[in-house]
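Protein sequences, first through last, are from chains G and A.
Each step along the first sequence adds one to the number in the working numbering, with nothing skipped, and position 246 is 246.
Each step along the second sequence adds one to the number in the working numbering, with nothing skipped, and position 198 is 198.
Incorrect hints may appear among the rest.
What the hints assert, rightly or not - Examples of chain A residues toward chain G, derived with CB under 7 Å: (1) P90; (2) A95; (3) D106; (4) V108; (5) H110; (6) G120; (7) G123; (8) Q179.
To be verified - Listed next, with one range per pair, are the computed distances between beta-carbon atoms: (9) G:A252 - A:A148: 43 to 51 Å; (10) A:L127 - G:V108: 23 to 31 Å; (11) G:G105 - A:K23: 27 to 35 Å; (12) G:A109 - A:W136: 27 to 35 Å; (13) G:Q164 - A:Y29: 20 to 28 Å; (14) A:E158 - G:A252: 28 to 36 Å; (15) G:S199 - A:A148: 31 to 39 Å; (16) A:A128 - G:A134: 42 to 50 Å; (17) G:V108 - A:K23: 29 to 37 Å; (18) G:W255 - A:E158: 23 to 31 Å; (19) A:Y29 - G:G105: 20 to 28 Å.
Because the hints were derived from the structure by calculation, they are not lab data.
Backbone N, C-alpha and C fix where the C-beta goes; we use that ideal spot for every residue, glycine too.
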Amino acid sequence: MRQRLETWLTGPRLLTLGIVGALAWSLSRVEWQQPIAHTGGGAAALQVLLALFPPELSGEFLRICVVASWHTMAYAVAGMSLAVLLGLPLGVLASGVLAERQSAGRRVAAASVRLLLAAMRSVHELVWALLFVAAVGLSPMAAILAMAIPYAGILGRIYAELLQDVPSEPIAALKTTGASPLRVLLYGYLPMALPDLLSYTFYRLECGIRAAAIMSFVGIDGIGFQIELSLADLLFRQVWTLLIFLVALVVAVDWWSTRVRRSLAY
Amino acid sequence: MNAVRPVRTGEQVVTPEPLITIKSAAKVYGQNRGLSPLSLGINAGERVALVGPSGSGKTTLLRLLAGSLVADGGAGAVRIDGRAPASLRPGPELAGLVGIVSQRFDLVPHLPALHNVLAGRLGYWSLARSVASLVWPLERRAARDALAQVGLADKINERPAHLSGGEQQRVAIARMMMQSPLVVLADEPVASLDPARAEEVMELLVGLTAAQNRTLIASLHTASLIRRHFTRVIGLRESRLQFDLPGEQLTDGILGELYDLGAGEDMEPLAGLAARDG
Numbered sequence: 001m002r003q004r005l006e007t008w009l010t011g012p013r014l015l016t017l018g019i020v021g022a023l024a025w026s027l028s029r030v031e032w033q034q035p036i037a038h039t040g041g042g043a044a045a046l047q048v049l050l051a052l053f054p055p056e057l058s059g060e061f062l063r064i065c066v067v068a069s070w071h072t073m074a075y076a077v078a079g080m081s082l083a084v085l086l087g088l089p090l091g092v093l094a095s096g097v098l099a100e101r102q103s104a105g106r107r108v109a110a111a112s113v114r115l116l117l118a119a120m121r122s123v124h125e126l127v128w129a130l131l132f133v134a135a136v137g138l139s140p141m142a143a144i145l146a147m148a149i150p151y152a153g154i155l156g157r158i159y160a161e162l163l164q165d166v167p168s169e170p171i172a173a174l175k176t177t178g179a180s181p182l183r184v185l186l187y188g189y190l191p192m193a194l195p196d197l198l199s200y201t202f203y204r205l206e207c208g209i210r211a212a213a214i215m216s217f218v219g220i221d222g223i224g225f226q227i228e229l230s231l232a233d234l235l236f237r238q239v240w241t242l243l244i245f246l247v248a249l250v251v252a253v254d255w256w257s258t259r260v261r262r263s264l265a266y
Numbered sequence: 001m002n003a004v005r006p007v008r009t010g011e012q013v014v015t016p017e018p019l020i021t022i023k024s025a026a027k028v029y030g031q032n033r034g035l036s037p038l039s040l041g042i043n044a045g046e047r048v049a050l051v052g053p054s055g056s057g058k059t060t061l062l063r064l065l066a067g068s069l070v071a072d073g074g075a076g077a078v079r080i081d082g083r084a085p086a087s088l089r090p091g092p093e094l095a096g097l098v099g100i101v102s103q104r105f106d107l108v109p110h111l112p113a114l115h116n117v118l119a120g121r122l123g124y125w126s127l128a129r130s131v132a133s134l135v136w137p138l139e140r141r142a143a144r145d146a147l148a149q150v151g152l153a154d155k156i157n158e159r160p161a162h163l164s165g166g167e168q169q170r171v172a173i174a175r176m177m178m179q180s181p182l183v184v185l186a187d188e189p190v191a192s193l194d195p196a197r198a199e200e201v202m203e204l205l206v207g208l209t210a211a212q213n214r215t216l217i218a219s220l221h222t223a224s225l226i227r228r229h230f231t232r233v234i235g236l237r238e239s240r241l242q243f244d245l246p247g248e249q250l251t252d253g254i255l256g257e258l259y260d261l262g263a264g265e266d267m268e269p270l271a272g273l274a275a276r277d278g
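With the rest of the complex left out, here is chain G:
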């Protein structure tokens, strides 16, 4: 009996038991006599929702929105450009496609780059922003670097996977022409992975716009900064307008990425 229990209690099962136990314990600590949600919450939410209509559409405020959108877009594009410049070479190194022949040294090198990428993306852009503000002060550069580093970590990891997933037959054929790994990368891996690389980069740009919008607290202007101001003044109609601009930016990037991908279709 004891032996059966020991064979049953493997690592994953122990972990599951631990999680279920923690959940049960946390439920036991809830004070069920108190209402879980704030009682007046529903009414307040309704009030905010109604206050959003109609959105503020005065010419002066629209001008502010356009400028704020422009700034958010500019920060997103700057951060993403830097992220691509960092992420692509790191992704290529992490994918191991540049290795001429498999060797222990190559595997260690690729694994260390993967570790670096993991470290870059495991810290959220807001945390990076706090670190950079501490280091270089409130400046646009801090915001751009804060975005570029975790995004480069994410891009590098996805790029590496996309490069590894490329069909192997054309690659093998290119190698038999006596082409070096770097040339095989240029004429095989990159052209074949390009549609997916672009598609993912555009998706990340959408995420970048979202991230740039909430970077306002680092001191950069943009949609997030304007939302913060309007919220502070309880001007919910302005918040609604700003949110429409934010959605419009993301939709525009989506439309742009569809156009680019269509032009690459074969």
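Position chain A against the provided structure of chain G, taking the given hints into account.
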């Protein structure tokens, strides 16, 4: 390295030693025998057909010759023109020594035929030229000529997805001509083509390698094609050499026996071939 090069004396080409020497080359994959120790010599200008059922060692032998596999005894077991392809680094020396055309899925689908053909030059080009050529194709005229020779001059800007199987294989042959290695390997170059297309592609491959005075080694299953185009035929079964004959002496009987005794996987194409040959 004292490379043995063919010496041209008058009309005849005299080779003091075979262009290709294989000395007890063997390959074992885990539990499976890819190739039992095999020794062969192949002279410059020969056209050698490799026959045998699936798993008989044809592809292993071709990959050993291409240098993409290393023989168990070491890279030196296979030498072409005195050099061991498996020990050469990518570059002009390897590119000029040996190249391979395989079944059909070996073009880059996202690049036009022009760039796929120019990829044959990658072993010779500097990195700067390789990068520049992606944007402004270099050696355009040579690529156009190569495509014209395989009858695809008008398809220079087509992507492989818009080409038929036979056309894709001809683009691969044009790429091989741009590479122009001493030894041209072909791994079942006509296996995925219908008989008429197979005849066309084989004629091109043999005609062009003969015109450049290259050595051709191809694996295929069709006795009529072998008799018509190859000077020598080597039969492999269960990773061992079964026969080594002049091409015209290959009969359907010899081929049938080779396949009959094997795993039997390749019986269907053979039945079709017997009907066509009859």
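Here is what the structure says about each hint:
Annotation: A:P90 was flagged as interfacial toward chain G, and the flag holds, the nearest CB pair being 4 Å apart, inside 7 Å. Given the 7 Å rule on beta carbons, the hint for A:A95 holds: about 3 Å separates it from the nearest Cβ of chain G. For A:D106, the shortest C-beta to C-beta distance to chain G is roughly 3 Å, which falls under 7 Å, so the interface hint holds. A cut of 7 Å between beta carbons decides the hint on A:V108: the least distance to chain G is about 5 Å, and the hint holds.
Nearest Cβ of chain G to the Cβ of A:H110: about 4 Å, under the 7 Å cut. The hint holds. With 7 Å as the threshold, the beta carbon of A:G120 comes within range of chain G, its nearest partner Cβ sitting at about 6 Å, so the hint holds. Because the smallest distance between the Cβ of A:G123 and any Cβ of chain G comes to about 3 Å, under 7 Å, the interface hint for this residue holds. Taken as an interface hint, A:Q179 checks out: its beta carbon lies about 5 Å from the nearest beta carbon of chain G, inside 7 Å.
Roughly 46 Å separates the CB atoms of G:A252 and A:A148, a value that falls within the hinted 43 to 51 Å. The hinted window of 23 to 31 Å between A:L127 and G:V108 holds, with their beta carbons roughly 25 Å apart. In this structure the supplied range 27 to 35 Å holds for G:G105 paired with A:K23, their Cβ-Cβ distance being about 31 Å. Look at G:A109 against A:W136: about 34 Å separates their beta carbons, and that is inside 27 to 35 Å.
For the pair G:Q164 and A:Y29, the supplied restraint of 20 to 28 Å holds, since their beta-carbon distance comes to about 22 Å. The hinted range of 28 to 36 Å is satisfied by A:E158 and G:A252, whose Cβ atoms lie roughly 34 Å apart. Between G:S199 and A:A148, the C-beta spacing of about 37 Å keeps the proposed range 31 to 39 Å intact. One distance hint, 42 to 50 Å for the beta-carbon pair A:A128 and G:A134, holds here, with the actual separation near 43 Å.
At roughly 36 Å, the beta-carbon separation of G:V108 and A:K23 lies within the given 29 to 37 Å, and the hint holds. For G:W255 paired with A:E158, a C-beta distance near 29 Å keeps the hint of 23 to 31 Å intact. Between A:Y29 and G:G105 the beta carbons are some 24 Å apart, a value that agrees with the proposed interval 20 to 28 Å.
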